[in-house]
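2 protein chains.
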Amino acid sequence: MAEITTQMIKELREKTGAGIVDCKKALQEAEGNMEKAIEILRKKGAAKAAKKAERATAEGIVVSYIHAGGKVGALVEINCETDFVARTEDFKTLGHEIAMQVAAMAPLYVSREEVPVEVIEKEKEILKEQALAEGKPEHIVEKIVEGRLNKFYSEKCLLDQPWIKDDSKTIGDLVRDYITKLGENIKVKRFCRFEVGK
Amino acid sequence: MAEITTQMIKELREKTGAGIVDCKKALQEAEGNMEKAIEILRKKGAAKAAKKAERATAEGIVVSYIHAGGKVGALVEINCETDFVARTEDFKTLGHEIAMQVAAMAPLYVSREEVPVEVIEKEKEILKEQALAEGKPEHIVEKIVEGRLNKFYSEKCLLDQPWIKDDSKTIGDLVRDYITKLGENIKVKRFCRFEVGK
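Protein sequence lines correspond, in order, to chains A and B. Using our numbering, the first residue of the first sequence is number 1445, and each one after it goes up by one. Using our numbering, the first residue of the second sequence is number 1445, and each one after it goes up by one.
Among these hints, one or two may not hold up.
Stated by the list, open to error - Listed next, the in silico EDC-like pairs over lysine to aspartate or glutamate satisfying Cα-Cα at most 20 Å (straight line): (1) B:1631 - A:1639; (2) A:1642 - B:1558; (3) B:1515 - A:1628; (4) B:1642 - A:1503; (5) B:1515 - A:1503; (6) A:1536 - B:1639; (7) A:1515 - B:1628; (8) A:1515 - B:1533; (9) B:1633 - A:1639; (10) B:1536 - A:1639; (11) B:1515 - A:1525.
Stated by the list, open to error - Examples of chain A residues lying across from chain B (beta carbon under 7 Å, computed): (12) 1452; (13) 1501; (14) 1504; (15) 1510; (16) 1512; (17) 1514; (18) 1517; (19) 1519; (20) 1521; (21) 1528; (22) 1618; (23) 1636; (24) 1640; (25) 1641.
Just so you know, the hints here were simulated from the structure itself, not pulled from any lab data. Heads up, the beta-carbon is just placed ideally off N, CA and C, and yes, glycines get one too.
So that you can see chain A by itself, here it is in the shape it has in the complex (with noise of 0.2 Å):
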């Protein structure tokens, strides 16, 4: 069995900001691997991300982000439980993440499910005609339809998109990362996007 040192256990927590308890059994099951017990932490957080996930969130803050010489600015309200984690410096973080992103990629909703039903429905319209237009077989358009759909969802809605600074994740992960780190759930409620001249 591989030595778990104290250093490691210290190394693994400033990275996940996991328990010491949860930190020792995942290097453990991980055999040592630092990228591996990571992983097991991941799994683990989305886990109980997902069980926080209904508790309700009144409290929060407020963000802004002012792009390229003041020519784009983003504005956020984050949720949390308590006012205790709305003042930490790593919910301000969340904050200026998200902010930043909304800034960069101009998204158009939050979430999947804010995107109207007859959006929809014309997006899906759109797509099938361009799989009929390029040839492709009447009983596999559905399916491209769908996968198109996917990323149109991970273009235009804020949690499905890639985080600007880390492609291998969504901000709906990121924002799952911040609720297994802060012990809360986490929402992003609204957020506004000005650009000059559009």
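Place chain B on chain A using the hints.
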């Protein structure tokens, strides 16, 4: 005739941003009275500003203001004619003042022209019922409603709101002062305001 000193002209320029010749003329007309000279320049400025109000505004900046420890935030886009003016400190100051105003006073519309007809009609109806319930005679109710509707505008429309830093002017007056000072048409294009829990 009162003597107009260089010092007086300098002071008037600093206060109004008007040119040397205009300041000298205004001081002569006001017989050296500084307050009166400011009033004269403001009237002239307002006339010039009205002329400029027709000109296209395609440049500008986005400005944010975060208030009360992150519980309230405002985002504002203000437009002007050239990028040169958009980059000036004066223009940024105006943007900052307006964003602060939006955060503090929560307007719903930029101008009264933006208030939907049905909102005005409904407001008028309520005001009329109130006036009648107060026992006001039928023939003056119309006048009372008009008066109270102006109060509605001065609460809900940004440009009609008294400026929080000097309630002798409205935000519209403040914008006109900057049109005079910067010599370009300026427009508040849009704003957005988030308050945690609202």
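Can we keep the residue 1519 of chain A interface hint, with Cβ of chain B closer than 7 Å?
Cβ of residue 1519 of chain A sits 4 Å from chain B, so the hint holds.
At a threshold of 7 Å, is the proposed contact between residue 1618 of chain A and chain B supported by beta-carbon distances?
19 Å, violated
Hint check: is the beta carbon of residue 1528 of chain A less than 7 Å from a beta carbon of chain B?
The hint is violated - residue 1528 of chain A has no Cβ within 7 Å of chain B, the shortest such distance being about 13 Å.
Report holds or violated for the interface hint on residue 1512 of chain A, using the least CB-CB distance to chain B and a cut-off of 7 Å.
9 Å, violated
20 Å Cα cutoff - pair residue 1515 of chain A, residue 1628 of chain B:
18 Å, holds
Mind checking the CB of residue 1521 of chain A against every CB in chain B and telling me if the closest is under 7 Å?
4 Å, holds
Does the CB of residue 1504 of chain A sit less than 7 Å away from some CB of chain B?
5 Å, holds
Does the alpha-carbon distance linking residue 1515 of chain B and residue 1628 of chain A stay inside the 20 Å limit?
Given that 20 Å is the threshold and the Cα spacing comes to 18 Å, the pair holds.
Please verify whether residue 1515 of chain A and residue 1533 of chain B have alpha carbons no more than 20 Å apart.
15 Å, holds
Hint validation: residue 1636 of chain A versus chain B, beta carbon distance must be below 7 Å. Holds or violated?
4 Å, holds
Mind checking the alpha carbons of residue 1536 of chain A and residue 1639 of chain B for me, to see if they're no more than 20 Å apart?
With a Cα-Cα distance of about 16 Å, the restraint between residue 1536 of chain A and residue 1639 of chain B holds, given a limit of 20 Å.
Quick one, is the residue 1501 of chain A hint okay against chain B at 7 Å, beta carbons?
Violated. Min distance 10 Å.
The structure is inconsistent with the numbered hints 12, 13, 16, 21 and 22, although it conforms to all the rest.
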